[in-house]
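The lines below spell out each chain.
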Amino acid sequence: DAKTTQPTSMDCAEGRAANLPCNHSTISGNEYVYWYRQIHSQGPQYIIHGLKNNETNEMASLIITEDRKSSTLILPHATLRDTAVYYCIVRVVGGADGLTFGKGTHLIIQP
Amino acid sequence: EPEVTQTPSHQVTQMGQEVILRCVPISNHLYFYWYRQILGQKVEFLVSFYNNEISEKSEIFDDQFSVERPDGSNFTLKIRSTKLEDSAMYFCASSVDGQVNYGYTFGSGTRLTVV
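So the sequences go chain by chain: C and D.
Letter 100 of the first sequence, counting from 1, is numbered 100 in the numbering used here, and no numbers are missing.
Letter 83 of the second sequence, counting from 1, is numbered 83 in the numbering used here, and no numbers are missing.
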């Protein structure tokens, strides 16, 4: 799996959009970008994934650059409950392979 | 919304004892996983299970670990002879399609404390 680089921590004001960057410059053509988050002491939670097109669901939007070397997760209206560690993971879709979690970005939503 | 259920939420065991951690994956899911997280460290993959057999395992998943799906609904992780360093949160996860269209669903974890 390709390696990802994320900032260690970020702050965002409640109600504002939180934009979390991820670099994955060695991504292969068949690798997807997945985002998970982990709220303190809970199990990780799937957010969104994509290959090359931008994706949106009820939780977030995922913007992938045209060269696919980086991406941004957008939480459009952050709430205090969005405070968590956010993980960007790159891997081939399908199959039973495990996920490789890095250290992620600790997003702190400020009131 | 369907959930992955893990029991117990917290287990304390003496070093050298055997423990079994239990998970009930989401009923129509086909792929099952165990992960662990030592306090303050990264979430680490242990093993994946599909079609009633292990698909992939990490270096952590050595001979003291085993998994089983005994009855079509439960998915268990057994640690035969626990060590102090096995103390961690253990997360079970399941997936309907190996993350093709949907991500994993994780349980809330079992905190294992080895004393």
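By construction, these hints were calculated from the structure, which means they are not laboratory data.
All values derive from a computational prediction rather than experimental measurement.
Backbone N, C-alpha and C define an ideal beta-carbon position, used for all residues, glycine too.
Possibly wrong hints are sitting among the right ones.
Unchecked claim - Computed from the model, here is a short list of chain D residues facing chain C with C-beta under 10 Å: (1) Tyr50; (2) Gln64; (3) Arg80; (4) Thr105.
Unchecked claim - With a Cα cut of at most 27 Å, we get these calculated DSS-like pairs of lysine-lysine: (5) Lys69/C <-> Lys3/C; (6) Lys78/D <-> Lys69/C; (7) Lys78/D <-> Lys52/C; (8) Lys52/C <-> Lys83/D; (9) Lys83/D <-> Lys42/D; (10) Lys57/D <-> Lys42/D; (11) Lys52/C <-> Lys69/C; (12) Lys83/D <-> Lys57/D; (13) Lys3/C <-> Lys83/D; (14) Lys52/C <-> Lys103/C; (15) Lys42/D <-> Lys78/D; (16) Lys78/D <-> Lys57/D; (17) Lys69/C <-> Lys103/C; (18) Lys78/D <-> Lys3/C; (19) Lys103/C <-> Lys3/C; (20) Lys42/D <-> Lys69/C; (21) Lys52/C <-> Lys3/C.
Verification of the supplied hints:
{"no.": "1", "hint": "Tyr50", "in the structure": "holds, 4 Å"}
{"no.": "2", "hint": "Gln64", "in the structure": "violated, 19 Å"}
{"no.": "3", "hint": "Arg80", "in the structure": "violated, 21 Å"}
{"no.": "4", "hint": "Thr105", "in the structure": "holds, 7 Å"}
{"no.": "5", "hint": "Lys69/C <-> Lys3/C", "in the structure": "holds, 11 Å"}
{"no.": "6", "hint": "Lys78/D <-> Lys69/C", "in the structure": "violated, 40 Å"}
{"no.": "7", "hint": "Lys78/D <-> Lys52/C", "in the structure": "violated, 40 Å"}
{"no.": "8", "hint": "Lys52/C <-> Lys83/D", "in the structure": "violated, 44 Å"}
{"no.": "9", "hint": "Lys83/D <-> Lys42/D", "in the structure": "holds, 19 Å"}
{"no.": "10", "hint": "Lys57/D <-> Lys42/D", "in the structure": "holds, 17 Å"}
{"no.": "11", "hint": "Lys52/C <-> Lys69/C", "in the structure": "holds, 10 Å"}
{"no.": "12", "hint": "Lys83/D <-> Lys57/D", "in the structure": "holds, 19 Å"}
{"no.": "13", "hint": "Lys3/C <-> Lys83/D", "in the structure": "violated, 31 Å"}
{"no.": "14", "hint": "Lys52/C <-> Lys103/C", "in the structure": "holds, 24 Å"}
{"no.": "15", "hint": "Lys42/D <-> Lys78/D", "in the structure": "holds, 21 Å"}
{"no.": "16", "hint": "Lys78/D <-> Lys57/D", "in the structure": "holds, 14 Å"}
{"no.": "17", "hint": "Lys69/C <-> Lys103/C", "in the structure": "holds, 19 Å"}
{"no.": "18", "hint": "Lys78/D <-> Lys3/C", "in the structure": "violated, 31 Å"}
{"no.": "19", "hint": "Lys103/C <-> Lys3/C", "in the structure": "holds, 12 Å"}
{"no.": "20", "hint": "Lys42/D <-> Lys69/C", "in the structure": "holds, 24 Å"}
{"no.": "21", "hint": "Lys52/C <-> Lys3/C", "in the structure": "holds, 17 Å"}
When each numbered hint is compared with the structure, violations occur for hints 2, 3, 6, 7, 8, 13, 18.
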